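Peer 1: Sequence:
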Amino acid sequence: MISIGANGFQLFMNYIVAIIVAIVLALALKLPLLPEKPIRFSWTKSALFPTPVFAIGILAIFYSLNVFWIYNGLIIAIIVGAFSAIFVKYLFDYVFPNPQGGSK
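Here the sequence shown stands for residues 467 to 570, numbered as in this note's numbering.
Keep in mind that the hints were calculated from the coordinates and are not lab data.
There could be a bad hint or two in this list.
[To be verified] Simulated restraints, written as ranges between beta carbons of each label pair:
(1) P563 x A494: 34 to 40 Å
(2) P565 x L500: 33 to 39 Å
(3) Y537 x T510: 16 to 22 Å
(4) Y556 x N473: 34 to 40 Å
(5) I541 x P498: 24 to 30 Å
(6) V490 x P563: 43 to 49 Å
(7) P504 x N532: 21 to 27 Å
(8) F475 x V519: 18 to 24 Å
(9) F475 x P498: 30 to 36 Å
(10) G523 x K496: 22 to 28 Å
(11) G474 x P498: 20 to 26 Å
(12) N564 x M479: 25 to 31 Å
(13) G474 x Q566: 42 to 48 Å
(14) L531 x L500: 31 to 37 Å
What you are looking at is a predicted structure, and each value in this text was computed from that prediction instead of being measured.
Idealized CB from N, CA, C, for every residue including glycine.
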């Protein structure tokens, strides 16, 4: 069995920390909490989507590569949460452009 650097509870807490840091920093960067209505057809970025999704995904990549820093990955969780909020605010539209056309 492969041994990782932290137990399951520490990993769970690190995911929660990354989500909280991402949402709080996204709100501090003045992203809206929810996308505009109707949510189903909205391409507006918000604090609840896709910011925490990026934080969870990047943190999962670090943990799958067994990259733990100090405090069993807590510092990485904080850095990844902050990076994901900054990425969604400033670089998201360049990496993932809005779809052309649509039903209007």
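Peer 1: Now, for every hint given, state plainly whether the structure supports it.
Peer 2: Checked hints:
1. P563 x A494: 34 to 40 Å: 25 Å, violated
2. P565 x L500: 33 to 39 Å: At 20 Å between Cβs, range violated.
3. Y537 x T510: 16 to 22 Å: Taking Cβ atoms as reference, Y537 and T510 lie about 35 Å apart, which means the hint is violated.
4. Y556 x N473: 34 to 40 Å: 35 Å, holds
5. I541 x P498: 24 to 30 Å: 29 Å, holds
6. V490 x P563: 43 to 49 Å: 27 Å Cβ-Cβ, so the 43 to 49 Å window is violated.
7. P504 x N532: 21 to 27 Å: 42 Å, violated
8. F475 x V519: 18 to 24 Å: Cβ of F475 to Cβ of V519: about 22 Å, so the range 18 to 24 Å holds.
9. F475 x P498: 30 to 36 Å: 33 Å, holds
10. G523 x K496: 22 to 28 Å: Given range 22 to 28 Å: holds, Cβ gap about 23 Å.
11. G474 x P498: 20 to 26 Å: 34 Å, violated
12. N564 x M479: 25 to 31 Å: With a Cβ separation near 35 Å, N564 and M479 fall outside 25 to 31 Å, so the hint is violated.
13. G474 x Q566: 42 to 48 Å: 44 Å, holds
14. L531 x L500: 31 to 37 Å: 33 Å, holds
Hint check: violations occur at hints 1, 2, 3, 6, 7, 11 and 12; the rest are consistent with the structure.
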